[in-house]
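A.B. asks: Chain by chain, the residues run as shown.
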Amino acid sequence: MDRKNRQSDLVIAERELAFQNEEKEKRAAELVIANQELLFQNKEKEKRAAELVIANKELIFQNEEKEKRAAELVIANEELIFQNEEKEKRAAELIISTLAGSVQRKKNEEYIERLAAIVESSDDAIISKSLDGTIKSWNRGGEKMFGYTSKEAIDKNISLIIPPEFVSEEKNILEKICKNETIDHFETTRIKKNGERIYVAITVSPLKDKAGKIVGISKIVRDITQRKKAEEELIHANKKLVSQNEEKEKRAAELIIANKELDFQNKEKEKRAAELIIANKELLFQNEEKEKRASELLIANEELLFQNEEKGKRAMELESVNKELESFSYSVSHDLRAPLRAINGFTRVLMEDYMEQLDEEAKGVMDDIIENSNKMGELIDNLLGFSRISKQQVMMVNVSIKDIVNNLIAEFKREDPERIVNITIKKLEDIMGDRRMLKQVFINLISNAFKYTGKKEKTDIEIGSYPEENFCTYYIRDNGAGFDMRYYDKLFGVFQRMHSSNEFEGTGVGLAIIQRIITKHGGKVWAEGKVNEGACFYISLPKSKIN
Amino acid sequence: MNQMINSEIQILLVEDNKSDAKLTIRALKKHNLANNLIHLIDGAQALEFIFGKGEFAGRNIDNKPRVIFLDLKMPKVSGLEVLRTIKSDERTKLIPVVMMTSSKEEKDIIESHKLGVNSYVVKPVDFENFSKTITDLGFYWMVVNTPPQH
Chain A
1 MDRKNRQSDL VIAERELAFQ NEEKEKRAAE LVIANQELLF QNKEKEKRAA ELVIANKELI
61 FQNEEKEKRA AELVIANEEL IFQNEEKEKR AAELIISTLA GSVQRKKNEE YIERLAAIVE
121 SSDDAIISKS LDGTIKSWNR GGEKMFGYTS KEAIDKNISL IIPPEFVSEE KNILEKICKN
181 ETIDHFETTR IKKNGERIYV AITVSPLKDK AGKIVGISKI VRDITQRKKA EEELIHANKK
241 LVSQNEEKEK RAAELIIANK ELDFQNKEKE KRAAELIIAN KELLFQNEEK EKRASELLIA
301 NEELLFQNEE KGKRAMELES VNKELESFSY SVSHDLRAPL RAINGFTRVL MEDYMEQLDE
361 EAKGVMDDII ENSNKMGELI DNLLGFSRIS KQQVMMVNVS IKDIVNNLIA EFKREDPERI
421 VNITIKKLED IMGDRRMLKQ VFINLISNAF KYTGKKEKTD IEIGSYPEEN FCTYYIRDNG
481 AGFDMRYYDK LFGVFQRMHS SNEFEGTGVG LAIIQRIITK HGGKVWAEGK VNEGACFYIS
541 LPKSKIN
Chain B
1 MNQMINSEIQ ILLVEDNKSD AKLTIRALKK HNLANNLIHL IDGAQALEFI FGKGEFAGRN
61 IDNKPRVIFL DLKMPKVSGL EVLRTIKSDE RTKLIPVVMM TSSKEEKDII ESHKLGVNSY
121 VVKPVDFENF SKTITDLGFY WMVVNTPPQH
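First to last, the protein sequences are chains A and B.
Counting in my numbering, the first sequence runs from 1 upward without gaps.
Counting in my numbering, the second sequence runs from 1 upward without gaps.
Watch out, some of these pointers could steer you wrong.
With a Cα cut of at most 20 Å, we get these calculated PhoX-like pairs of lysine-lysine [as the list claims (entries may be wrong)]:
#1 A:K375 to B:K104
#2 A:K156 to A:K136
#3 A:K68 to A:K248
#4 A:K68 to A:K239
#5 A:K413 to A:K375
#6 A:K323 to B:K30
#7 A:K228 to A:K47
#8 A:K451 to A:K413
#9 A:K323 to B:K107
#10 B:K104 to B:K132
#11 A:K228 to A:K89
#12 A:K402 to A:K413
#13 A:K391 to B:K18
#14 A:K524 to A:K439
#15 A:K413 to A:K45
#16 B:K132 to A:K391
#17 A:K213 to A:K391
#18 A:K439 to B:K132
Keep in mind the hints are simulated off the structure, nothing from the lab.
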């Protein structure tokens, strides 16, 4: 029974282990997959980061390209402005030199006419005015530029084409001219007949009479609205470019930060990946260790199973031996007694039927036959009883030893009422045990006490009990024949006797039966004795445990 | 014996041991209890007799013994098998069966009672006790016990 339980426990434990192992393997496999997934994601992120770095570099490059172009534009612009100014200067110088030439060579009418034709055909407005600002000449260029015909313009004040906010400017020019100061080429705003404002570049020169006295002012006015606009547009475009540049720089800076961040995250992820790889290796190692242990356990288990099988085999062998013994004792029980019964019975028949033919000696022999066959029957019965006890199962109940002892004493007294026996019954505790078996124990003990005190003049028997931790010890003491402690080893053996049958009758099974029963209860039995002074038998039983 | 087959049978003794049989019959005879006794020597013969088969084909099976003294351990068909057959057949289950054996084996006692034995008797070695036991049984089943009327 115990073996079987252990075996099934082992099987369960083995299954449990196998299950845990599978679980661990599964988890390890899941971790490996998770790890691979992380590694993949990491690589993806690295790729994306690398792509971003490239994109960033591309942007930076484009930015630099745009900055270059913007710078080139600025330079081109400056160049244009410079060229423009140069051209204006040269144009003004030409006109002035021409005009100066015309004044000096007044006599040369042809020359003057030609000059007038030049003036007339110029796209620039060439205007002359008196020192008080009255317009004195107005060429076709002036008509085109300002929308006023020469008729409309001549004799009008120059303020005709000067926006109110620029009037002071004209005064300054006049003052400077009168002081004989040179006036640089300048740019300003003028107003057309239709009210539209235009940008103009003006070159001012004094008009002198023959005596060299300044009598008026000549002006060459060029419409630079288009150029100004283009300039403004350029400036604007430039500003835009600059701001775009700044934006792009900002974005580039942001990208650099983002890139650094990505780089940092990447490194973090690499770190984590490395950690995971380490963790994974650790897990793999643990897994291998567990597999090792599992395989060791499997081996151990197989070993145990093998041992178990061996034990099972031995148990089966024992069982078969037991069965043989059982059938042997069964056979003894049935078959050994029958011939005895025949011997006994037919001897009786002889004695009954041939009584008269038999002499006294023959009758005595017949009595011996009958007595011996009876004795053998008794021996067989005891032997069977002894072997039966080994097979019987202990039925644990609460047993009153006190009741058993009292009833038995009364019975023994009844069998031999003449005999004077001094019996002291002390406290007898109840105990858990098989009632029938324990009764058999006390039958044997008490009958022994009665038997072996039979030759004493006075019989003293004491029965009692005392507790001892988890056990209760019962004792029965008598003042009978006792026994020699030298032969104590044989005391509880089957068919072992301390006295001859002539002294005391017996089969030598009683104490062996007691020992069997007490052992089955998980208890102990022992004895003390002294020849001719008496014996004391002890039995110690567990208080509540089943063996 | 053949004459007795169809006359009233009081005791059917099934016993393979000749000595036991002799001593049993002697004890019963001493008290005039063996007048209508039939002795069969094994379980197979007993079943053939009880159910009118084989050797006893044609026997009126309504002629039932007042009691069967059945030895437990016999060759071929054991006493327990005979008991089981008798007690599981409507026609024969009311016949009282006394199991007579040398054995005090607990499992034999329990099995016999489970099968519905009417008495279980251990044969004593001592002839005086044996003789008394047999006589008491004969008296009880022949004289004291009142069988059901059919």
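A.B. asks: Of all the hints numbered above, which does this structure not satisfy? Sort the numbers upward.
C.D. replies: Hints 5, 6, 7, 13, 15, 16, 17 and 18 contradicted; others consistent.
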